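Visitor: Chains A and B are the protein sequences, given in the same order.
Last residue of the first sequence? That's 326 in this note's numbering, and every number before it is there in order.
Last residue of the second sequence? That's 326 in this note's numbering, and every number before it is there in order.
Hints listed in this document are in silico derivations from the structure and should not be mistaken for laboratory results.
The reader is advised that the hints may include incorrect statements.
Each pair may be met inside one copy or between any two copies, as identical chains are not told apart.
Pairs of lysine to any residue, SDA-like flavour, derived with a Cα cap of 25 Å [what the hints assert, rightly or not]:
1. Lys-96 with Thr-19
2. Lys-130 with Phe-160
3. Lys-155 with Arg-132
4. Lys-84 with Ile-152
5. Lys-96 with Val-174
6. Lys-230 with Val-4
7. Lys-68 with Lys-238
8. Lys-102 with Asp-219
9. Lys-84 with Asp-264
10. Lys-183 with Arg-297
Predicted model only: the values in this text are computed from it and were never measured.
There are 2 protein chains.
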Amino acid sequence: MPYVMRPGEHVVGIDIGGTNILATVIDHELRIVARCKKKSRSKKGSDSTEDRIVKAVQEALTEAGVTKIKGIGAGAPGPLDPVKGIIFDTPNLAWKRFPLAKMLSESFGVPAAVDNDVNLGTYGEWYFGKIRECRYVVGIFPGTGIGGGFIIDGKLYYGFSGSACEIGHMTVEVNGPFCGCGKRGCLEAVASRIAIAEQIAALAARYDAPFIYDNCGTDLNEIRSTIIAKAIESGEKKVEAVVRKAAYYVGIAVGNLVNILSPDAIVLGGGLVEAMQELYVEEVTRGMDDHALPYMRKNVRLVTARLGDDAVAMGAGLHILDKLDS
Amino acid sequence: MPYVMRPGEHVVGIDIGGTNILATVIDHELRIVARCKKKSRSKKGSDSTEDRIVKAVQEALTEAGVTKIKGIGAGAPGPLDPVKGIIFDTPNLAWKRFPLAKMLSESFGVPAAVDNDVNLGTYGEWYFGKIRECRYVVGIFPGTGIGGGFIIDGKLYYGFSGSACEIGHMTVEVNGPFCGCGKRGCLEAVASRIAIAEQIAALAARYDAPFIYDNCGTDLNEIRSTIIAKAIESGEKKVEAVVRKAAYYVGIAVGNLVNILSPDAIVLGGGLVEAMQELYVEEVTRGMDDHALPYMRKNVRLVTARLGDDAVAMGAGLHILDKLDS
């Protein structure tokens with residue numbers, strides 16, 4: 001059983017992303033009572049990411065007027081060791097075998113636990129979404145990468161490596177485009193925000209997507225989910241086709257997961273989904289229906305995330321409560 | 001805890017395939033003490049498959065000199081309901097919603113349990129193979145179809161539908177060849193014995209595989225695993241290339257499973273693997289290495305089945321022992 005906080009007790013939940021750090025203070029009713037958001041790296045590079053995480057937590061605690069906490073949970077991009085709390089390798093943060101849990105624990109003098117960000121996002125959504133009665137829940141969060149999480153009977157599934165559910169690296173196109181992992185044809189290589197931006201940038205370069213061109217030029221990093229959504233709203237059909245195709249690929253992967261994991265619920269979250277929910281869910285559903293076995297697809301719920309930007313931090317708060325007991 | 005048989009006690013384990021029924025009698029030391037094999041359907045169609053199953057069990061019991069048993073376990077091709085023991089639909093056996101567990105239980109007056117044949121084969125291999133200490137075990141049995149099973153901490157994983165791990169219907173080639181399930185590009189559609197036989201028959205038709213042509217003509221159903229193995233041994237390079245490509249596809253699927261389920265062991269079984277073990281494992285390993293994330297692939301054991309034709313029947317025997325207790 002997880003630790004149940006009494007009135008006046010708090011935990012900290014942190015979401016450490018490649019771009020932003022979100023530190024939250026969570027009270028005994030599992031409400032976020034304070035937030036602090038910082039860029040993961042300073043522009044001048046004068047302080048490290050770890051310094052910025054500590055500062056974000058301190059500022060959130062000050063805002064909440066809380067001086068004592070029960071523990072800290074943190075979500076970070078993998079690969080990582082959730083048992084030892086070590087981040088192996090996070091290209092966007094320049095960490096190599098960084099002992100994040102130890103650092104947090106020593107900085108604040110309380111227990112700390114670390115897990116994959118998408119695992120914790122899935123956990124948060126399972127807990128606070130409308131799928132808590134579901135026994136087998138898959139979470140997919142397409143963004144710069146495509147992460148996944150899997151919950152069996154209310155517990156995250158880790159497998160032998162501790163990193164199960166690397167959905168983004170499921171091969172969906174044999175000999176397809178190269179992926180950041182070095183393999184070819186991974187879901188990420190055809191459906192992540194970068195894969196989408198790359199195709200949209202090419203459209204912009206040919207002036208086939210004037211809204212994109214006028215707002216972002218042809219720079220992949222500028223072509224964010226919200227801009228893509230606006231381009232589609234403004235009527236850029238080729239941009240829409242690119243997103244639809246990518247979302248359909250996610251649907252193919254979801255179909256495969258239905259055939260293998262046989263979940264009763266699938267949660268879709270992340271920036272792309274939030275920015276263009278209707279269109280995205282439509283294509284994922286189509287891809288899933290085309291690729292899942294009908295008797296396994298039957299009665300499977302496909303839902304979108306409800307916690308938005310707070311999903312990982314909330315999941316991290318729940319995660320440390322689970323650990324405090326065990 | 002499963003039921004532990006005392007000396008003199010026995011259970012029956014049955015493997016019901018599309019072609020053959022194998023009934024076995026298993027003693028308290030988990031040894032098969034008698035076997036009876038029958039064709040699943042009589043040529044004249046005078047008796048039903050269910051009659052033939054009952055007769056096979058009776059003959060095996062007579063051979064063993066056993067008159068009283070503790071229970072019966074049976075494996076059959078899916079889809080089926082392992083809880084109610086109902087076979088939904090088995091094209092090769094012409095069963096529709098057939099209550100197999102009930103029929104067996106009533107025929108012999110003992111408890112009976114039914115499960116997917118590949119689940120039970122995986123379970124048997126986990127129990128009797130050299131991977132019993134492994135916590136996350138995937139079984140793949142490529143044959144006429146391609147079935148899979150998944151064991152977590154010594155227990156078969158069923159998921160929401162009761163039919164998890166339908167590995168054969170993982171999409172590995174978007175818009176690939178049609179599959180028996182009605183979808184396209186499933187692993188089965190590119191790597192089952194039928195998919196292989198189809199390509200080899202075409203080689204034979206062009207006289208590009210004279211050994212095959214001379215032995216089987218161009219009839220897909222005649223091109224069995226053992227003949228394919230002999231053709232390769234006799235030097236038919238194009239036949240070998242077809243099998244290698246199919247086995248590589250199985251390796252791609254295994255790579256995907258490593259990335260999703262993160263197993264510590266994978267068991268390869270079934271007719272194709274048994275007939276040409278070395279070549280097959282070589283290609284599966286290559287496909288897996290090309291498609292699994294290196295840190296998840298690390299220390300994963302790929303082993304071949306040890307129980308051969310007895311795997312499903314042995315797993316069925318273990319399965320009823322598990323049920324007798326619960």
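Visitor: Now tell me, hint by hint, if it's right for this structure.
Guide: Here's how the hints hold up against the structure:
1. For the homomeric pair Lys-96 and Thr-19, the shortest alpha-carbon distance inside one copy (17 Å) is at most 25 Å, but the shortest distance between copies (55 Å) is not.
2. Within a single copy, Lys-130 and Phe-160 get their C-alpha atoms only as close as 30 Å, which misses the 25 Å cut-off; across copies the closest is 17 Å, which meets it.
3. In the homo-oligomer, the alpha carbons of Lys-155 and Arg-132 lie at most 25 Å apart both inside one protomer (11 Å) and across protomers (24 Å), since each shortest distance falls under that limit.
4. In the homo-oligomer, the alpha carbons of Lys-84 and Ile-152 lie at most 25 Å apart both inside one protomer (22 Å) and across protomers (22 Å), since each shortest distance falls under that limit.
5. In this assembly of identical chains, the alpha carbons of Lys-96 and Val-174 never lie at most 25 Å apart, being 31 Å within a copy and 37 Å across copies at closest.
6. For the homomeric pair Lys-230 and Val-4, neither the shortest alpha-carbon distance inside one copy (43 Å) nor that between copies (66 Å) is at most 25 Å.
7. Taking identical chains as interchangeable, the C-alpha atoms of Lys-68 and Lys-238 are never at most 25 Å apart, the minima being 53 Å within one chain and 71 Å between chains.
8. In this homomeric assembly, Lys-102 and Asp-219 never come within 25 Å of each other (Cα to Cα): the closest approach is 38 Å inside a single copy and 65 Å across copies.
9. When the C-alpha separation of Lys-84 and Asp-264 is checked against a cutoff of 25 Å, the pair qualifies only between copies, where the shortest distance is 19 Å, while the shortest distance within a copy is 31 Å.
10. In this homomeric assembly, Lys-183 and Arg-297 come within 25 Å of each other (Cα to Cα) only across copies, at 13 Å, whereas the closest approach inside a single copy is 29 Å.
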